[in-house]
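Q: Could you slot chain U onto chain S? The hints should help.
In the order they appear, the protein sequences are chains S and U.
According to our numbering, the first sequence holds residues 1 to 495 in order.
According to our numbering, the second sequence holds residues 1 to 495 in order.
Heads up, some of the hints might be wrong.
No copy is singled out in the list; a pair is fine if it fits within one copy or between any two copies.
In silico DSSO-like cross-links for lysine-lysine, where the CA-CA straight-line distance does not exceed 27 Å [said to hold, decoys possible]: (1) 494 / 208; (2) 129 / 424; (3) 335 / 139; (4) 429 / 139; (5) 429 / 335; (6) 335 / 424; (7) 494 / 424.
It should be emphasised that the hints constitute simulated quantities derived from the structure, not laboratory data.
Letter by letter, the chains look like this.
2 protein chains.
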Amino acid sequence: MSDQLNDEQLFCALADLAREVLANPRHNDDPVVNWASPEDLVASFSTTVGLDFADHAPAHSVDQVLAAAQQVVEWSVHTSHPRFFNQNFAGPDPLAVAGDWLGAALNTTNATFEAAPVFTLMEAALLNKLAGLAGFPTKSDIPPGLFCPGGSLATLYALQLARHRQQPDLTTAGASTEPLAIFVSESGHYAAEKSAVLLGLGTNAVIKVATDTEGAMLPEALAAAIENTPRSPLAVIATAGTTVTAAFDPLEPLADLCHEHNIWLHVDGCYGGSALFSPQQRHRLAGVERADSMVWNLHKMMGMTQQCTVLLVRRPEQLSACFSTNADYLFQPDKLFGDYDSGDRTFQCARRVDALKLWLAWKAHGDHGFTARIDHAVAMADHARSIIKESQGALAAVADTGFTNVVFVWVPPELRPFDLGSLKPENQKQLHQLAPAIKARMQQAGDALLGYQPVNGLNTFRLLIMNPAVTPTDVEATLGRLAYHAQQAWEQAKA
Amino acid sequence: MSDQLNDEQLFCALADLAREVLANPRHNDDPVVNWASPEDLVASFSTTVGLDFADHAPAHSVDQVLAAAQQVVEWSVHTSHPRFFNQNFAGPDPLAVAGDWLGAALNTTNATFEAAPVFTLMEAALLNKLAGLAGFPTKSDIPPGLFCPGGSLATLYALQLARHRQQPDLTTAGASTEPLAIFVSESGHYAAEKSAVLLGLGTNAVIKVATDTEGAMLPEALAAAIENTPRSPLAVIATAGTTVTAAFDPLEPLADLCHEHNIWLHVDGCYGGSALFSPQQRHRLAGVERADSMVWNLHKMMGMTQQCTVLLVRRPEQLSACFSTNADYLFQPDKLFGDYDSGDRTFQCARRVDALKLWLAWKAHGDHGFTARIDHAVAMADHARSIIKESQGALAAVADTGFTNVVFVWVPPELRPFDLGSLKPENQKQLHQLAPAIKARMQQAGDALLGYQPVNGLNTFRLLIMNPAVTPTDVEATLGRLAYHAQQAWEQAKA
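So here's chain S without its partners, still in its complex pose (with noise of 0.2 Å):
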């Protein structure tokens, strides 16, 4: 049975356990996941206090759920392990963490200046500060974005942003029956179909515009794609650092088409705005200044926790104009400082205190340590092109931005040198089913954990380097490993 004593017995093992996670992280020939079966799951917490819940649940021990908990632990992937490469964030910064911690043991919501004095006022720090880099106005009373769940939903706001400057009557009356296009490039993220899906446009909407080999967008094609449409424009979203190959469309050019034509111009720098951080990278978003609106995620390359999204606006005036409500329960005009509150500038009413962990480790490390840890990055995916270049054909390069990601496909002897143009159709079937093959090899030993996904029509590996913990020896080793595997896979395939 469940009791005072026990619980705070229990608070602290967990606590210990999460310290643990975090000081003696997975590293070298550790396994980034212990790969299970749902069924290898299931069983293994059978024997502590099952996944599942009966109907009438009891109460386990404190042995028990803590036996559970070490559970979790062992069966999670590592992301903070230095060969977890596998998606576009990667195991956390500690003071990221202790900034989670401390905010969840705070428990408040940042929608109101009342229940989240401190964090009203960060949330307007970081906005600016962010704002600033990014070449945005910053002298507004009211700060120059929000803070989301996630990127998907910033870029939702967005939309919604440019359709209610579009559509001023839309709070009240709803949309106008005249179709609006959306565009993005080939390489751009799904969200803005789920997007559009979600605002009644329908993917229809969407427009995709051609790239580039890289995957970035071709200025020409979009032109063309706004002149062809018999829809009313509504957005153009630039991709500051695609998915896959991390491809950064051509800002300013994309701006001079979005301000002859009219058009809100949204980038989603959700993973390389981060690239604002270094003198070095920053060229790559050159004309951002000019945007309407930009989403950046700092869970993606800035080691903080899930989620940190800023939703970053040129006219901030413009929230409270497609959000506000103002339900009286809540945003009172009559209460002290009513005015600083956030909520009825967004969607979202309660709102996690994403912003402690950034505020945080950002006065911790400064600008200085936020360039650096972008410019390793950099370095260790310069690294694994070198790497990849000296392999003898063993490895090719697929895409090359020159930025995080390291788009490549392990080659067999037998297709050295590697060109996709002149691959016949079955050795292009067979290299295609390796991939997948590869993976589950190299998941199944726990090795590396690093992405494939289709570029051409072949499934092509993703190296995404995010952690600074990561050093010139686990990209050899993963490279290595994989080069290994593959081997070993594409044997198996021939026999």
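A: Quick look at chain U alone, frame taken from chain S:
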């Protein structure tokens, strides 16, 4: 300058601070909040690291950042204090906090089985358990719902599911031009309006249905509203626990009407859904099992940290039909156990692991522990009601649903016995202006935090009870201090 050793030292100090917040929560006559104006806060933080960021923000020392974190605690609202009665949430269950911490340490996204094997199964287990409590079907292979970042977004998604059922071409062609109607009671949450705006329907689509004097929707008023609208009925949002009075709309007759007219029934149980944990209280939601969808915030009554929201759905297969985009870089059909991936059934891409904290706390407390939490809250509200009844007219109930909200006014001696209906306009105005003055005094003194909001044109106090640490003494002290400040404010207002 920030370096590895400093980071470790700072992490440990911050983690200790977070534990300290939970280990020694403020209580009794400790201040709930140390009141400070924005200017006070700026001045305070300027003694450590400053609230804002300079253009070239320096790295601060461990001591300075730690001192700043201590200021965060010092100036924050202590929602764990048993005299925080301000909102539909309160200080968290320490076990939920520990679960949240562990999730942050393991930092991953719940979108794919690959990145979140354990958490994917936990989400499914919890969704099935909660759906079972609500009487929703749980036999599908697909989990009967989603975890969402908050109740407003869950309501948005539910309305989108409703629209998709009515307009199956929605996802590609966009919404039809048919004007739709969403019915919600006058006491329902503003998420209805916000969602209608975001979906492109506009607030005109939201039809407010009259309630009884406690705030519960009148079924005959709903029937009339459905008959009278020229719009096509889309959904009824029934509120199970309104924000102000905790009124429960009568679900059985509402379900009858929805069935008769083929309208989607969505139950907003963000607040009151947790009544389902208590055999004594679950009758308030009788009929919920007939709904098409239901949202339930476990971060309100159940002490989970911000946020822990579930959207339950009757027909889980509608989720992918409505939200899927089949992004091939993430939801590869050829990877291991990809059919367990949850990310393509919802709007968000990366998603914080909100399930772990609920799972751990529930395993430790059992169903019985969750029941006790609700019953204790109602018992403490009953205690407040009895004090009001015995106050010889100094306090007067304004609405009373018998649940965990106590809605009342303080009555000046000259106006006792209180009768809102026969109050002279000038007295009503005086009393209306008195509430903010009382609240400000209590807030500045740190005695307690509780909200006020207009009910029938009169600012009315609301004691919201969630925290199992609330004792009869806390309730008595809070009402006593309120009466004291009220008398002072009244005398000042008259002077």
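Q: Now tell me if each hint is right for this structure.
A: Evaluated hints:
For the identical chains of this complex, residue 494 and residue 208 are neighbours neither inside a copy (38 Å) nor across copies (67 Å), given an alpha-carbon limit of 27 Å. In this homomeric assembly, residue 129 and residue 424 never come within 27 Å of each other (Cα to Cα): the closest approach is 52 Å inside a single copy and 52 Å across copies. In this assembly of identical chains, residue 335 and residue 139 lie within 27 Å of each other by CA distance solely inside one copy; the values are 26 Å within and 49 Å between copies. For a Cα distance limit of 27 Å, the shortest separation of residue 429 from residue 139 qualifies neither inside one copy, at 56 Å, nor across copies, at 38 Å.
Taking the shortest alpha-carbon separations for residue 429 and residue 335, only the inter-copy value of 16 Å comes in at or below 27 Å, while the best intra-copy value is 66 Å. When the C-alpha separation of residue 335 and residue 424 is checked against a cutoff of 27 Å, the pair qualifies only between copies, where the shortest distance is 24 Å, while the shortest distance within a copy is 72 Å. For the identical chains of this complex, residue 494 and residue 424 are intra-copy neighbours only, at 16 Å inside a copy versus 92 Å across copies, given an alpha-carbon limit of 27 Å.
Checked against the numbered hints given earlier, this structure breaks hints 1, 2, 4; the rest are met.
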